[in-house]
Every structure is written in structure tokens, then in C-alpha cells.
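Guided by the hints, dock chains A, G and V with the ligands onto chain S, whose structure is given.
Residue numbers (our numbering), protein chains in the order written: chain S, 10 to 132; chain A, 10 to 132; chain G, 3 to 389; chain V, 3 to 389.
Treat the hints as calculated values from the structure; they're not laboratory data. The reader is advised that the hints may include incorrect statements.
As the list claims (entries may be wrong) - Cross-link-like lysine-lysine pairs, in silico, DSBU-like; alpha carbons within 35 angstroms at most: (1) 378/V with 61/S; (2) 358/G with 13/A; (3) 114/G with 91/V; (4) 171/G with 61/A.
To be verified - Restraint ranges, calculated between C-beta atoms of paired labels, are given here: (5) 58/V with 189/G: 28 to 38 angstroms; (6) 131/G with 41/A: 22 to 32 angstroms; (7) 96/S with 258/G: 42 to 52 angstroms; (8) 58/V with 133/G: 56 to 66 angstroms.
Said to hold, decoys possible - Sample of chain V residues lacking proximity to chain S, with all beta carbon distances greater than 12 angstroms (derived): (9) 21; (10) 87; (11) 123; (12) 141; (13) 187; (14) 267; (15) 268; (16) 313; (17) 315; (18) 370.
Every residue, glycine too, gets a C-beta built ideally from N, C-alpha and C.
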Amino acid sequence: MYSKKLLEEFTNPKNVGIIENADGVGQLGNPADGDVITIYIKVKNGILEDVKFKAFGCAAAIATSSMVTQMAKGRTIEEAMHITKEDVAEALGGLPPGKMDCSNFAPDTLRVAIEDYQKKNKV
Amino acid sequence: MYSKKLLEEFTNPKNVGIIENADGVGQLGNPADGDVITIYIKVKNGILEDVKFKAFGCAAAIATSSMVTQMAKGRTIEEAMHITKEDVAEALGGLPPGKMDCSNFAPDTLRVAIEDYQKKNKV
Amino acid sequence: MKRIYMDHSATTHVDPKVLEAMLPYFAEKFGNASSLHSYGQEASEALSLSREQVAQTLGAQPTEIIFTSGGTESDNMAIKGAAYMCSSKGRHIITSVIEHPAVLRTCEQLEKEGFEVTYVPVDRDGIVDLQFLEDSIKEETILISIMHANNEIGTIQPITEISKLIEGKGIILHTDAVQSVGKIPTDVNELGVDMLSISSHKIYGPKGVGALYMRDGINILPLLQGGGHERGLRPGTENIPGIVGFAKAMSIAHENLEHDSRHMEHLRDSMIKKICGKIPHAKLNGHEKKRLPNNVNMSFKYVEGESLLMLLDMKGVAVSTGSACSSKSQKASHVLSAIDPGVDYIHGSLRFTLGKENTMEEVDIVVDLLEEAVIKLRQMSPFGEDI
Amino acid sequence: MKRIYMDHSATTHVDPKVLEAMLPYFAEKFGNASSLHSYGQEASEALSLSREQVAQTLGAQPTEIIFTSGGTESDNMAIKGAAYMCSSKGRHIITSVIEHPAVLRTCEQLEKEGFEVTYVPVDRDGIVDLQFLEDSIKEETILISIMHANNEIGTIQPITEISKLIEGKGIILHTDAVQSVGKIPTDVNELGVDMLSISSHKIYGPKGVGALYMRDGINILPLLQGGGHERGLRPGTENIPGIVGFAKAMSIAHENLEHDSRHMEHLRDSMIKKICGKIPHAKLNGHEKKRLPNNVNMSFKYVEGESLLMLLDMKGVAVSTGSACSSKSQKASHVLSAIDPGVDYIHGSLRFTLGKENTMEEVDIVVDLLEEAVIKLRQMSPFGEDI
Ligand SMILES: Cc1ncc(COP(=O)(O)O)c(C=O)c1O
Ligand SMILES: Cc1ncc(COP(=O)(O)O)c(C=O)c1O
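With the rest of the complex left out, here is chain S:
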């Protein structure tokens, strides 16, 4: 049901970890629902210099987290804010029908992290 690309991303996820003293942190989901994603960002001159994640969830949750961190890294805040679930799904070679909801989850968490950064820095 999962694409080869998604499974590859799931098995070898990039940017797993925590950024100490991150400029922004976002977390969505809760253990009772079976999915939690945390995303950490480091911002410099309006650019996402570093993005890391931790995730508890299904293969799709982990793969989309990994993908969204890679897509965001090096981008401007503006660009990163506009990464859509379609972008992520496409980059992973598609998601199974029942998992499309999932693909919104990682970009949303990224947006929460960016908003956290903006709030903290009163942008």
C-alpha cells in the first residue's frame, strides 16, 4: 500500500533529533491518538538553517516528517509556511488513500514551529 519511496524515507529518515536552544518548536497530536510529531527549527536571516523532528506514529507520519524537514531546510520562512500536504505526498510518491489525512500532519507541525519562532521573536 505504501510507495517504495515512502518506505525508503520511513526506514532511513533524515533530520531525526532535537535542536538544543531551538528558535522555534512545534508539537501536534497526542499519544492517545497514536501520532505525535515534534519539529525544531533554527532560523537565521529569515532562512530555516536547521530543521529536526521526532515522531511517534505510523510509517506515514515518520516519512512525512522526514520529508517536510528536508523540504523546509534552507528555505525562507515564507516558503516553508507554504509547504502543502500535496507537496509532501508528491515527494513521497503518493500516500495510500486512507493516509492522506496524515500528510497534513507534518507540514502543520512545521507551521506551528514557525509560529512559535514568530511569537517568540514578535515578528
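Same frame as chain S, now just chains A, G and V with the ligands:
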């Protein structure tokens, strides 16, 4: 479903035919129901000297007719009157469950033939 | 003794190519199609592919195919499912007097539950009375179920005409195509049906599997509840080897339809001609032209069908009296009763249903054995002298 | 990559001896069991023999076995059939919260139709609350349906006790024995049940076939209408190869029950012990003793089951999270919710179901791969640091 014995009797029935100037004739059933048996008897000194049948019907109707004529032949009228469906079924190695009704049909026809003889001869 | 099988409407042997397609799915690719792991994925892919194959042979979409356990279940599911789903709209159903028991008994059950059923009669040839059908339609009519081809006398019903008759009326049209699939074209759009029942074991596929075609947009209440299989419409772990075999059988039947039909039609017409030439007082049941290419159903005056069947069986020839299902009961077939060949003929019917592998030599042997058997039984018959 | 299959509760491969028994019935002895001729008789004899074999393994009479298309149909048939038949006597049904969807969804459907259903809860080990069950019985109770063994956590339910509890009350007792047959004794008289559901593909038989045991004297309304097959209770041309294979699988399972169970129990207990020894924060779901010999269901804190399953699948190991049927949905399993292992554990469950051919080497490989996978996922988890 049919026993070997019944099938053997059906394929090689005995006493098929008509007795010209029979002493008694019995017929039961009708074409609309799919079964008609006619039995002819020749009586001498209270003994069934000859018994013949014609039958239109299923394998069980033909086999039981053949069997009942053989069982009746050479018997006294009294004895022939008392041939039961169980006797016939047993002699044929049993009848399939759905066909037990059928086994009454030939002995009943024989009884009609005997009654015809008795009426004609005012016994 | 060499046996000759001419009872292909009762069931067929499994085509070697079908069995070959099935075999890997018993012991190697044996996964449950609902499982997420690789075994499950193999099964799930086989299921998808089979669904596409079956859809393609019917001119349908894969999403319109629901796999079932056979023709009986497909008929029950279609008729009850539509009736229960639409019961708030109306409770009137139209069917015909010559349907298979899987349809007739289901309709009778619905009558017990408060539905009203009209049983459309047929003419002497066994074709449903279209005028009667049209006149039966009313506001409350929710479903029409008319078989595509009859299992006993092989008559082909005017399904396309019926679909045109009810166009735009919002009535669901179901057809039992168990006997027609693989023998005559069954494109669901040409037929104009909303639902269509198929059984695998009638087309050289395995027993215990079939399908219901259900046009996109048609909704029914499922007969069974359970897991979410078949979009929740037919729960239960999918019979993958059976479904793969069924799909293969559908593909083979579809590919060879013209060739096989022409072959069987040729045998059929010769057989009818030879029987009529050799055996007096023989009568063809059903329509001469509008009949399945493989169906020869004849009645022989003053001969009872079951004993004829048994005599032929002793010689290695397998045929049927009417439908296999009612072979064990002694009542006259409801289909023959409906076309009423006359009291002297009604119990004397025999059904020969040809298969793609039957030959002209076999036809000749069978006709000779049949002649012998009819003579033998007529000599035994109390009415034999009349003819 | 050598694959290791530990998902035998989802489905099993067909035993070579079973396939061998089936093969002649596809292309040679392919007759319709309702046909009167020799082909039909061959099929009909195979059917009778299979019925005797199945009956024998259950301590039942052949007349008490009705062949179906699988476990889901057997469950639906038993529950709806009894409910509809007895509805004039009462409309109350008792079942449990951990039943398979084939039972739960069926009961929900009956609720929509006006029946009242009590869902008996289970304790932390997943055993039904007998006191609650007893207290639920009332005048109107017509049917109790409690599964013999649970498909997810393998707990064995006290069916014999339940049967004693309701003795003489005129309540029909049905059990879904789909998971228990072939793994623990299922003598219908020892269990004291009136009806019992079986599915062939869980015991190394073919998919698409199963049976309902129905005690002599119990009457139900059939789900399907059609020909007179299975004494009118289950119409449709009988799936002879499937039934023959199913019967063979039942016989083999019955013969080897003790041997196979002991083997699997040994693997099961080692596996649990090894997992607990190697992986911290692992928790066994279900009862330690009253569980199927082949079931290992464990939860791992802060790890999500599906990703664990996928990681193991990449290494060739096939397992399941809960029942195969719900593997595609993301909701927590209703069974785990019922035993409530805690919020940190509920999404982290994995089901290993052993087969008669699994070995201790395979167990060791799987435990090692499992440890690796759990560590990997915990490192990724936002909660990983806590443990
Ligand atoms: C016209 C027709 N409908 C339905 C059926 C039932 O199909 P199955 O036996 O596969 O359930 C049959 C076959 O007996 C049939 O000939
Ligand atoms: C306990 C239980 N009941 C019923 C079923 C349904 O059986 P089947 O898939 O054969 O319809 C299953 C298997 O999925 C099961 O585990």
C-alpha cells in the same frame, strides 16, 4: 443415490408387457404427475400365475414395478395383497429418502389389479 | 467406459489454465489481503488485478465488482440489498416466473417481509412478456430482476429492451447472468443493467466464488456484516485463489467467446436436427433462435425425464432434467410448467448443455444412445402403443 | 531474504496434504453434487464424507454441519438466523465487547432492526465478566454469542461455564471458534454450545470455506434463499474442492492438536520471556495462561504498532497489529481498548501468531529484529527520552 440393485432392476426390468385378456388390470397415477403404472394379472386357483407391468415414471417407479411383479408371481392373492412398500424397498437394497413414497406406488397398483379381478369375479 | 459430459449448465470442470493461475495462491502467496506485510500485499495485488480483469470482461469499472461466494449469494445480495435499501421509496419488485430458485425463493422471502412481487409470465417459447412487464410497473416499483438466460431451456431474455423501457424511471435493473456469461456478450452498458450476477463454476472457474456487478451510484444494504472487505459490502477474508481463478476463467471465456459460441451453436443445431430426425414425438423446449449456444432442451412424449437421464448415465452420458438443483425433486420443473409443452411432454424433458470441448462425434454417440433409451422406455410405457 | 511468517491468526498457507486432497475435485471429479449422474454422485459422496470428517473432529453428528463460505458468513448466519427465528420469544442478545467484527457488526445491525444487545465487558486480562453476563440474562434473552478465543490477544473464554450458567433456560449459545479450532479442544458437547463457527483458512485449509455447527433441534432462518442445498439452510452449488480441503485440514488439525499445541506453546512462552528480557517497557496483552498456544500479543511503550510492523516487514518478518481486518484503519483496536493497557501502550501493540512450522531459530531471529526496531523507533520518538 439409487442402490446398485435398484439400478440393475431398472435397466433390466422383468415382466414388462401386457397380458391380453388379463383377469385383472390396475392402473394408478397420471401423466401430469409424471408417474403411471399399469399392472396386469392372470389368476388361476387363487394363485397369480402371471403378472406384467407397463410403467411411465422415474427409475424408482420402474424398478419397484418390476420387483413387485416378481414378488407377486406364483403367490396367492392373499399373499400378494400384503406385499408392502418395505418389502419392495428392501428387495431393491433400499430407496433414497426422497423416493420412499414411490415404493408404495407399485404394490398399490398391484392391489388395484387384484381388486379389479375380485370385482369381475365377484369374490 | 468413456464418459461424455453434457451438463455444463450444472457445472464445468476447472480449465487447466485456471487451475495453474490459482495454484501459487494456496501455499506460497497465501497472505490475507488485509494484512499490511508483504504476504498481504501479494494477496492484495492479486485481488486488485482480478477485479480489473473481471471488470474488463463486462465493460465495467473495477470499483463496480464485488466478489461473492457464488451465483446464489450474488442474487440474494442484489435483490435483498436493493429492496432493503429502497424500501422507503417503494416495496414493489418485478421478476419472472422462470427465474432460478436463487431469485424466486428470495423474492418469496421478501413477500413474507411485506414486499409485493409481480411474477411476469413467459410465452410458449419462454420469453418474458414485455407488455405484461411494462404494465406491471408502478410508482412503488423499486427493482426489476429478470434473468439474462434461462438455466433450463436456455432462452435469452430481452434485457436491453427492458432497460430502455424503464429508462429514467429510477428503477434498479438486476439480471442473473450466471448462465449467459461466457456464452453470449454480457457488456453491462449494452445490457443497460445496474446489477448483474455471475458464478465462476459455470465458466470453467472454481466453485465457491462469483461476483455481483453493481453500477457506480447504486447503493444496497449488505447481506453480511463484518470487516471492511469489498468496501464493506461483502465482509470476510477474500478467497484469493478462488478469485484469481474466477478472473482467469472470465478472461479466457471473454477472449474465446466468439469461437466457442460458434462451435457450440454448430453442435447444438446439429444435435437438435439429429434428434428430431431420429426420434419421433420429440419437441424442442424454448426458443429456436433466442437460446444459449450450448442449450438443447427437448421433451419426449410418454417418456419420463429422470429415467431417461439414468439410462444415459449408465452409458456414461451426463445430462440433466431441468436445473440440477431440482433434479432431486419429482415435481415438474417450474420453467417447463411456465411454457407448458403439454401434459404428455412436461415430465419427459432432458437438458443437454454443451461445453467448449464437446465434439460432433460425442453428439452422434449421445443421439444414438438417446434414441435407444427412448425406445426402451416407450416400450415400457403404458402409453407407448399410442405413438 | 528469507521471510518469516508469524501471522497465522490472519491466515495460514494451505497444507500440501490439503491441497493434494483438493486437486482431483477441480478438473476430474468436478460434478455438481446435486446432479443425478455419476459426476454428481462423485461430488455428492465427497460432500458426505467431508461432512462426516468435520463432524467427527467436533464430536458432532454429520447432520449438524452446514458448510458456508467462511467464518464471517457462519457468524452472520448463526446470529441473525437465531435472532430472526426466535424473535417472537424475545429480542435480547448477549455478546462481548471483544468479539470479532463479524459478530459485533452483526449485533449492531440487529440493534438497528429493533433487537436489544448487551455487550459484556472483559477484565484486564481480556476474559469476559461472567457475573455481568449472568446478571444480563433476562426473560427476553434468546441468544448468547461469546467467542471461544480472541483473535487479537488470544484469550480463551469460559464457554463451558457459560453453557452451565444458562442450562435449561432455553437460550441458544453460539461461539465463534474461528481462532480456537485446531489449537485447543473444541468438542461441542464439552463446550456445551448450540452453534459454533469455523473458518477453513485459519487451520491450513483453503480460503472461502467454513462451517457452522448447529446442534440437532436448533432452528434458524437461513440467510440465503435458493436451491435446497445444505438442507435448505445454505443454498448455492457446494464448493466441493474447498469443502474437501477444509475437511482434510480439520482432520489433520484434530489429529495433531496435542503435538502442535505443545510445540507452539513452547515457542510462545520462550518468545514472551525473551522479549521481556531484552526490551524494557514491554507488556503482554491478554491472559498469561488462558491464551491460545500460538498467540504473543505485546505492547511497547512509546512505539507505534504499525511502524513496528513495517520495520519488521522490511526485514521479512510478517506480523500484525491486532486483527488483520482492522490493520488498515488507524483507530486503536477495540480489543486493546477493552483491556486498556494504558495510553502509552495502547497504540504500540504487535501480534505474533505462531504456526506449526515456526521454529525456535525463527523466534530468536524475530526477537532480535524486534529489539532493533523498537530501539530505532524509540530513538525517533518525542517520548523516547523518558524511558
Ligand atoms: C441462472 C442461475 N442462477 C443462479 C445459480 C446459482 O449459482 P450458484 O450455484 O453458483 O450459487 C445458477 C446455478 O445453479 C443458475 O443457473
Ligand atoms: C475470531 C474470528 N471470527 C471471524 C473471523 C472471520 O473469518 P473469515 O475471514 O473466514 O470470514 C475471523 C478472521 O478474520 C476471526 O479471527
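Here's how the hints hold up against the structure:
no.	hint	in the structure
1	378/V with 61/S	16 angstroms, holds
2	358/G with 13/A	32 angstroms, holds
3	114/G with 91/V	19 angstroms, holds
4	171/G with 61/A	64 angstroms, violated
5	58/V with 189/G: 28 to 38 angstroms	49 angstroms, violated
6	131/G with 41/A: 22 to 32 angstroms	24 angstroms, holds
7	96/S with 258/G: 42 to 52 angstroms	49 angstroms, holds
8	58/V with 133/G: 56 to 66 angstroms	58 angstroms, holds
9	21	29 angstroms, holds
10	87	38 angstroms, holds
11	123	20 angstroms, holds
12	141	40 angstroms, holds
13	187	37 angstroms, holds
14	267	31 angstroms, holds
15	268	33 angstroms, holds
16	313	7 angstroms, violated
17	315	9 angstroms, violated
18	370	17 angstroms, holds
Violated hints, in rising order: 4, 5, 16, 17; the structure is consistent with all others.
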